[in-house]
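Chemist: Line order of the protein sequences matches chains A and F.
1 is the number of the first residue of the first sequence in the working numbering; add one for each residue after it.
1 is the number of the first residue of the second sequence in the working numbering; add one for each residue after it.
Source of the hints: derived by calculation from the structure; they are not laboratory data.
Values in this document were obtained by computation on a predicted structure and should not be read as measured data.
There's no promise every hint is true.
[As the list claims (entries may be wrong)] For the chain F half of the interface with chain A, some residues (derived, Cβ under 7 Å), not all of them:
| id | residue |
| --- | --- |
| 1 | 28 |
| 2 | 30 |
| 3 | 59 |
| 4 | 67 |
| 5 | 154 |
| 6 | 159 |
| 7 | 291 |
| 8 | 293 |
Glycine included, C-beta positions come from ideal geometry on N, C-alpha and C.
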Amino acid sequence: MNVSEVERREHYLNVNYGIRSWLLTTDHKRIAWLYLLSVTLFFFIGGFFATLIRLELLTPQGDLVQAETYNKLFTMHGVTMIFFFLIPSIPAVLGNFLVPMMIGARDLAFPRLNLASWYIFILGGAFTVMAAAAGGVDTGWTFYTPYSSIYSNTHVVLTVVGIFVTGFSSILTGLNFIVTIHKMRAPGMTWFRLPLFIWAHYATSIIFVLGTPVIAITLVLVALERIFRLGIFDPALGGDPVLFQHLFWFYSHPAVYIMVLPAMGVVSELIACFSRKRVFGYSVVAFASLGIAVIGFLVWGHHMFVSGQSVHAGMIFSLLSFLVAIPSAIKVFNWTATLYKGSISYDAPMLYALGFIGLFTIGGLTGLFLATLGIDVHVHDTYFVIAHFHYIMVGGSVMGYLGGIHFWWPKMTGRRYPEGWARLAALIIFIGFNLTFFPQFVLGYIGMPRRYHVYPPEFQVLNVMSTAGASILAVGYLLPLTYLIWSLRYGTVAGRNPWGARGLEWETPSPPPTENFERTPTVTEGAYAYEKAPEEISTLGRPAHV
Amino acid sequence: MNLGFPLFPEQASTMAARVDALFYFLVAVTVFFAALIFFMIVVFAVKYRRRSEDERPRPIEGNFWLEILWSAIPLGLTMVMFVWGAIIYFDIYNPPNDALEISIVGRQWMWKAQHAEGQREINELHVPVGQAVKLTMTSEDVIHDVFLPAFRVKQDVLPGRYTTLWFQATKAGEYPLFCSQYCGTQHSGMVGRVVVLEPAEFEKWLSGGATGLSMIDQGASLFKRFGCETCHGAGGTSQGPSLAGLFGKTVKLQGGTTVTADENYIRESILDPRAKIVAGYQPIMPTFKGLVSEEGLLQLIAYIKSLEGAERKAAQK
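Given the sequences, and given the hints that come with them, work out the whole structure.
Modeler: Put into structure tokens, the structure is as follows:
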């Protein structure tokens, strides 16, 4: 296929033009683009806040910004990155694009609802941006009461309204995925032929639907106490501040799995493709996703070991937290075993996938320290925790997201990105990430508390290392932004299946037609049949019985 | 820039070495598994690198026994971590009975400490070496947290109730005290130091600059001032239950339930007397909310704790 052929053939990008055709689209692939642009914007806003935080922490004194500004920076960094980048990133961008394609469907079950989800997301984002523009919020992304509900003088209500609204976008996306996966699979696409990406998104959707309403209610209660002085959380009004923490973490711990499960799904696809192997222990990996989603709802109390909850509750939450670690460990072992006797290539998506495994392993193993009661008491609310969850969320989720974006870029755009630059960026991100966050484990154990604007001078050297790493990381993130945009015009034409990958999405042209497939595919093989030639498993244009 | 930076915190309490031993165990286990995974990834990635474009490796579906093995081994190891960690946790939050008691009140953004003998200090805490110290803590506003890294202990300090923390310092010296629960603008300024003194020096410190009145004495005068004696005193009307020997006892409440008379119960009974009515009494006590400060409450509790029961008195005679 040559360039002119891509231009001429009708596909979802050139079927019509103009702003209306995008803002009123119900095509899941175009909605994926709407999300891609929005979350990218939020990622760089959140990254800007992070840059200022790291610059402030270069020196022990509070010399770059004032304490109040610093507190707003880390709050807005957390709120933006968690609610407006990490949670929607993989599900709403890659999930939106790929869930229908991977199961052989024409679109999601409720295409209009899908577009509504995006508008709701943008509306929520607008509230939060307004809150930031009006002067920001300084409660930390955790909104602990009674600070958030009574004492803070910043724009708490505006911010929580933004998060409340955005939550509905998550709920509707989750609902859409669940129904689509149940009802719209192509003939022959049985549950155990589904790509693990789909299993991961199914598990994530369950958390979206069951968890998000709880955070929504909790934030409404904070707003009610703040506006009407209703005594819910503030003991001076007869409330219980620890109740807030229970409600908050009941959602926000599972939310960690919202962020990492989809990335795990991406990594399963990448490891299989670039080692040309079936994922080792397919069904174990699939059930591990569900296991994480279910047990993940029962471990919230491990955020509260020093909160004053009973010692016995602490013990139960510790035990359950160790149990939820096991499915993650199983996944890491299975991905590693998938490499065994494979045919491994080092394209950029694979570098991200291997980077994911390495960083997620460190993130997961340091999670054991936090689940261990006697150690958590010491490292709780220190930089050890900051390092741990950045290894999971940035080392894990963002690496998975970038790996996925690179992998499916040719499918989404019809163009290939420059491979050399992409590998370089993956390497820079990996190095920059470790330099930023590894010193923070040490900082935490020697006792530096989180959310400190000024700190004792003996913590400075490690903070300088961290800031140096962050500047490398920033370069690493700006590179893909540049060359991916460049590739839209100048990238080489990708063709249907540039990676030699298996999966229905690779059997349709790149970019795909609006209806995804020329005719409904019939599936005769499980996912990852890399041992067979693509012609042998082709599902299009061929009756099922042949 | 301070280039002589530490990579490990000082060990200055009986708990520190125990926590660190468990920490080393976890470091060993996690480094082993991380190294194992990294090593295998590197070996596989090199050994099985793609040599020609038409390679098509034989599929491996999985292996049941391997799955069992790599589920069971992590499970076993994490259970060791769980039990070991839980034992230490239990000890961190169960102070010995003979601990020296100190009250802490946190507020935006300072720490106030009050010793039984009456000494008060701000953002400093003097304690003796070699003796268990129990902190009874509360907050006047938002949630704070006492974090003593050299002692490896930490506890949130909540408004509206008491939480406790104990430690036994093993080395004289000065150690940092951090607020580690985000509490607003000057959160990072809510820091102080723990000064651990040799017992003799601690005694000297206690007697120097004293206010004169112990917490019990101050509590007794509050008890008089608020007219508590009228209903609860030995020579009073007995419209309220006697408080002699109350502390630590099980109290029968209206409706048949019981409660242990600890600091939080006494606090609640002063501020919200109708929350728990003692069986056989009328809910006639007014609230003292807003009338008594957090320090005052702690003094009243210290006084009530000091009231000996009739049987104890009898035994002593």
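Chemist: Which of the numbered hints above does this structure break?
Modeler: 1, 7, 8
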